[in-house]
Amino acid sequence: MIKKEMIAMLLAGGQGSRLGVLTSSVAKPAVAFGGKYRIIDFPLSNCINSGVDTVGVLTQYQPLRLNTHIGIGIPWDLDRNIGGVSILPPYEKSTNAEWYTGTANAIYQNLKYMEYYNPDYVLILGGDHIYKMDYEVMLEFHKANNADITLATIPVPMDEASRFGVVITDENKRILEFEEKPPKPRSNLASMGIYIFSWKVLKEALITLSEQKGCDFGKHIIPYCHQRGDRVFAYEYNGYWKDVGTLSAYWQANMELIDLVPEFNLYEEFWKIYTKSDVIPPQYIAEDAVVDRCIIGEGCEIHGEIHNSVIGAGVTIEAGAKVYDSIIMKSTVIGENTTINKAIVAENCVVGSDCELGIGEEVPNVKYPNIYIDGLVTVGEDSVIPDKVRVGKNTAINGGTTIDDYPHGVLESGECLIKAGDRL
Amino acid sequence: MRAIGIVLAGGNSNRMRELSNKRAIAAMPVAGSFRSIDFTLSNMSNSHVQKVAVLTQYNSRSLNEHLSSSKWWDFGRKQGGLFVFTPTITADNGFWYRGTADAIYQNLNFLKNSHEPYVVITSGDGVYKLDYNKVLEYHIAKKADITVVTKRLDNVEDSTRFGIIGVNEDGRITEFEEKPLVSDSTIISTGIYVIRRRQLIELIEKSAAEERHDFVSDILIRYKNVKRIYAYEMNSYWSNIASVDSYYKTNMDFLNKEIRDYFFKQYPDVYSKIDDLPPAKYNAGAVVKNSLVSSGCIINGVVENSVLFKKVYVGNNCTIKNSIILNDVHIGDNTYIENCIVESRDTIKANTTHVGEEGNVKIVIEKNDRYVL
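Listed in order, the protein sequences are those of chains A and B. This note's numbering puts the first residue of the first sequence at 661, with every later residue one more than the last. This note's numbering puts the first residue of the second sequence at 3, with every later residue one more than the last.
Hints are computed from structural coordinates only; laboratory data are not their basis. It cannot be assumed that every hint is accurate.
Said to hold, decoys possible - Below, a list of computed lysine to aspartate or glutamate pairs in the EDC-like style, where the Cα atoms sit at most 20 Å apart:
#1 A:K932 with B:D255
#2 B:K145 with B:D172
#3 B:K364 with B:D277
#4 B:K259 with A:E996
#5 B:K259 with A:E965
#6 B:K267 with A:D1042
#7 B:K251 with A:E752
#8 A:K936 with B:D277
Start from the sequences, fold in the hints, and give me the full structure.
So, in C-alpha cells, the structure goes:
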C-alpha cells in the first residue's frame, strides 16, 4: 500500500519578472545562487533534510533548465522507488486544456498526483526564497494544534511589515485576521508563502473553489477556509529567510555569503544544501590573479582580479580583468582588461576585452525604473558584449549584441539593450 | 559495447610510503577533486563498457567508500553496472588474491557468466583518458591474442617501476621485461590490456592449474612467443601513481594549462563522487598564486604553486608553497608549509613549520584535536 504522511508541492512555474533579464529564458527557481546553487535547491534540500521524500514540482514558465537540473532527483536523494521528485507541467484534459492560472489552481490540476500518495498532510512551497527550515518541526506544530492549515510566518521589523502579508493571532497562535500589505500593520508576523494543509481540508477547498478564476492560496483558498471557521495557525520561524525576488535583494543575498562568518552559512555540516554539480574539477588561480573576499565555484580559471564577488562554476576571468562587487554565473567568460563594477552577469555570457561595466552616474532606468535599480548592471543569459564598450549603471543587456548596438561604444546609464532571438 | 571491464585495484606500493597506510593506491586523491580510479572508471563509462568489476584487496575501505554508489560514473544500471570483488573464503579456496591472475581466477564466474566477447583489463592507478574502443579495433585488426597499451616515455628515469617492452615493425611485442634494472627501450606497458574473454578464461585457468598467479610474468611474458601479443601505443597524457614522487609530480602536472584543459575542459569528462561542498571561499588576507583549489576550501593565507584538495581550511597568515594538501585538512594560523604532502583529515597546529626538500617531499601526518563547530 502506498502511503506518505506528508508530501510537498513546490510551485516553480513563475517567471519572476522583477528579476528582469535574469529570467528571460529560465524560471526564477532555476536562477543560479551563491556560486554553485540554484534557488530551487534550498526548498528541495529542506524537503529531504526534513524527511519529506515525495515532492511534486509544478513548472510552467521556461521549464527546460529546471527539468535538466532536477532530472530524477539524484543530487537530493529524491530518486525513489515510490515517491521522489516528479515534474508536473500543465497538461491537456479530455474536456479542456488550460495553463496553471494561479497557485491553487496549479495544485488543483494535480489532485490525482497527490491522491496517489494517500497523504495526511500536504506542504505547499514556493521556489523563490533562500532559507534552511525543518518542515518536520512545522508539521509537529500543525499536529499539536490539531490545525487544518498552518502558515509559516517570520517576524519582520515593524516598519517593514507593510510590505508583507501579515497575520494577527491570538495567544495560541491561531490566526484571527489577515492583512495584505497593510499601511498601518497591527502585527509583524509575515507569511512566508509556506503552508501545511490537512489533506481533506485542502482537497475540499480546491474542489469547492475550482471555478474560481486564477485561484490563489493567499487570495482565495486560505480566506475561504478561515471564513468557514477552519483552524488556521501561524508557525513562527526564526532563522535566515531571504526573498530574492528583486535584483537588489538577489544581489544583496549573494553578497552576504562573502562575509567572514556569513549569517547564512553554507559551510556547516548540518543541514547541507544539495545541488546538481556538473562541473567537478577544482578551480585554477593563476600567478597574477587576485582573489580578495570572494567565493568561487568549481572549475573556474581565474587570471584577473576578483574583489568582493560571487563567481559561479566554470567561469573564466582573463588576465587584467577586474571584477568588483559582482555576481558572475556559470560558464561565463570575462575578457582581458575588462572592468566590471556591481554587475550581475548570467550564465554562459561572453564579455569582450577592454570593456567597462557599471560606470558613470546613477540614472533611473528609463523603461523599467522599478526593476533595474541600485546601480546594477544586469546581463541576461547567453549574452554577448563586444570588445571595448562602456556600460552605465541601472542598465540591462540581453542577447548577442555587437558594437553597432552601442552608439559611440557606450550604453548610457538607465538604458536597456534587449536583442530578441537566439545567439548563433 | 563488445567488452566488459576489469579494474585491478588491489595493489599497494611501499614506494607510496606513509600515504598507503590509509588507502589503496586506486583511492589516492588526484588533481584536487578526483581519486585515481575515477580516470579508469570514466574511461570505461565513456567507452560504453557497461559492466565493470573492480578487484580490491589491500586496505580497501577508502576505495569501497568511494565506490559506495556506482551512479557517479553512470554505472547505476539494471544491465551490467559496477561490481566490487574483494577476496572471500569459499569451499575450495581460502587464499587472499595471490597475484593479479589469481584475483581474476577467483572471480572467474564473472567472466564466465558474461556474454561480451572481449575484456578490457586496467589498473586503478593510471591518470589518463583513453577510448578503449580504439584499442579494441586495433586488437581485432591485428588479429591479436592480447593487446597491451603502451606508452613511449621521453626518458625512462626509473625503469624499475615499469614493464619494458620491445616491439617489431608490425607492433607485435617481442620483448617484455618486468621492472628491469637497466633497459635501452623507452616503451613501457601502461597495465591496460584487451583480450578475448574466452582466451582470458583459458589462460587464467591454465595458470591457476600450474600455481602461477601473476598476469604479467605468468601470462604476458611467458606466452609472448606463443601468443600474438600486440602493442597499442598511446600518444596522449598518461601517468601512473606508484611512488610518492610520481604522485607529487602527477598532481603538479595539473598546474600546467595544457594538461588541465585536456582533462577538465575537453570532451569527454572525468567523473567522480559528488561531495556536496560549497564553493571555495577567500577571505581578506588570501593570496593565491598558480594553484588549484577545490570546493569547500576556506582560505585566509598565502598559497603558491600548490594543489588544495576538498575542504581545506587555511588559517590567517599561513604560507603554503609547492605542496599538496589532501582532503579535509585544517591548517592553524601562522603555519609555514613547503614541499610537503599533508595527509587527509590532518589538523596542523598553529605556529608550526613543515618543510620538505625539493625532489624529496615531506609527508606530514598529524593527528591533533580540532575544534569543530
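Results of checking the hints against the structure:
Between K932 (chain A) and D255 (chain B) the alpha-carbon distance is near 33 Å, which puts this suggested pair outside the 20 Å criterion. At roughly 12 Å between alpha-carbon atoms, K145 (chain B) and D172 (chain B) fall within 20 Å of each other, so this suggested pair holds. At roughly 28 Å between alpha-carbon atoms, K364 (chain B) and D277 (chain B) are farther apart than 20 Å, so this suggested pair is violated. Using a Cα cut-off of 20 Å, the hinted pair K259 (chain B) and E996 (chain A) holds, with the two alpha carbons roughly 17 Å apart.
A C-alpha spacing of about 19 Å is found between K259 (chain B) and E965 (chain A), which places the hinted pair at or below 20 Å, so the restraint holds. As the CA atoms of K267 (chain B) and D1042 (chain A) are separated by approximately 19 Å, the hinted pair is consistent with the 20 Å bound. With a C-alpha separation of about 60 Å, the suggested pairing of K251 (chain B) with E752 (chain A) is violated against the 20 Å cut-off. A hinted pair counts as satisfied when its Cα atoms are at most 20 Å apart, and K936 (chain A) with D277 (chain B) qualifies at roughly 11 Å.
The structure fails to meet hints 1, 3, 7 from the earlier list, while all remaining hints are met.
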